[in-house]
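Asker: Chains as they are written, first to last, in my numbering: chain Z, 1 to 115; chain P, 1 to 115; chain F, 1 to 115; chain X, 1 to 115.
Keep in mind that the hints were calculated from the coordinates and are not lab data.
Hints should not be assumed to be uniformly reliable.
Given that identical chains are not distinguished, each listed pair holds provided it fits within a single copy or across any two copies.
[As the list claims (entries may be wrong)] Subject to a maximum C-alpha distance of 25 angstroms in a straight line, what follows is the list of computed PhoX-like cross-link-like pairs (lysine-lysine):
id : residue 1 : residue 2
1  : Lys-62    : Lys-92
2  : Lys-92    : Lys-80
3  : Lys-62    : Lys-80
4  : Lys-99    : Lys-62
Number of protein chains: 4
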Amino acid sequence: MDALAQLQRQLGEFAAARDWDQFHSPKNLSMALSVEVAELLEHFQWLTEEQSAHLDAERLAKVRLEAADVFIYLLRLADKLGIDLVRAAHDKIALNEQKYPADRVRGDSRKYSDY
Amino acid sequence: MDALAQLQRQLGEFAAARDWDQFHSPKNLSMALSVEVAELLEHFQWLTEEQSAHLDAERLAKVRLEAADVFIYLLRLADKLGIDLVRAAHDKIALNEQKYPADRVRGDSRKYSDY
Amino acid sequence: MDALAQLQRQLGEFAAARDWDQFHSPKNLSMALSVEVAELLEHFQWLTEEQSAHLDAERLAKVRLEAADVFIYLLRLADKLGIDLVRAAHDKIALNEQKYPADRVRGDSRKYSDY
Amino acid sequence: MDALAQLQRQLGEFAAARDWDQFHSPKNLSMALSVEVAELLEHFQWLTEEQSAHLDAERLAKVRLEAADVFIYLLRLADKLGIDLVRAAHDKIALNEQKYPADRVRGDSRKYSDY
């Protein structure tokens, strides 16, 4: 069993042991995912881009756990919907390779901003 | 190299080939992550919870690619910040085990809603 | 001076008195707006739709202040960009009237879900 | 009738004429609000803060309509919950005046980042 499937099993057991599965509809999980992403974003909202690339250890430790929360809800949602995230990501990258050929969009921020 | 590290290397090469690395500050990536989560959420906004658990094939295919986008930006952000998502998730689950002991919060939606 | 312009002047003075104007770029304000909306959403994530329509007084008081935060950042962002929100809303409603003629989309949830 | 109450009446009539009221639970409206904020944020995600403060006319026209969408869903949600946004904003500003005394937090970005 790979690392993601193992995490998903653990998260499923965690929810089942608390009788929380009843709350985990895909609709609700997408909301929870959205809330966790905002808690991550919150750390960066008043920082410059430069500062965001050089977090101190205390901030980074917090950001790391917020990123974990995003990952946890994404794994849980994918599990509920039967989505294999790694395969889906490979498929999406292949689509992006076609949509944004390197030789055509290179350094073109306008194209990028429509990305 | 595991599946996530491999995806991260691919995403790094994808950005480098397009000279897009300049846009990928953690601040900007957290914004992009937020936008992708909203595109996922959008599919569920007018559905009932029940409907969200039984998507038709066409909708599910779209949701799958939106979930992939969320995953891609999360991997990219984690890479930029040097975060190992799988280890961070294990740490967060351990913290949640302590914070929400199964025998104390079982079936308690009020506790859950403060989660 | 109308109620919104008066609020915007107050918010401008609040920021100026604290030397916080330096943080209020439209980019940053859009992030803050996003964080506040998530804090509002968080109250509803585990509720049923029915429950969300019948909040108890304590929850409603919290939701009211979160809605205020969303309004505050929206007013601030509009002020920075020179947008008149009331006129913009009237323009958008007029566009929606054309896009969704009542006699064509009535009770059609599929059309609605593409809204 | 003031400008906001008038907009809220118009939005209520718009929904009623299309039989869309059934979709407008506070839970769903908070999701729609979140989606609209992300569409606003999307315009700023790859811009520098400086660029975000100097949008060209074409971009500004788009941002203006996205801000209108945020405003529309916020008004609709407030209407459904019986919240007077202007009064709530005044209450919140008064709370912020107490929480962040100008002479104590002036120019202190650390305090601000905890805001």
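Asker: Hint by hint, work out which the structure violates, then give me just those numbers in ascending order.
Answerer: none
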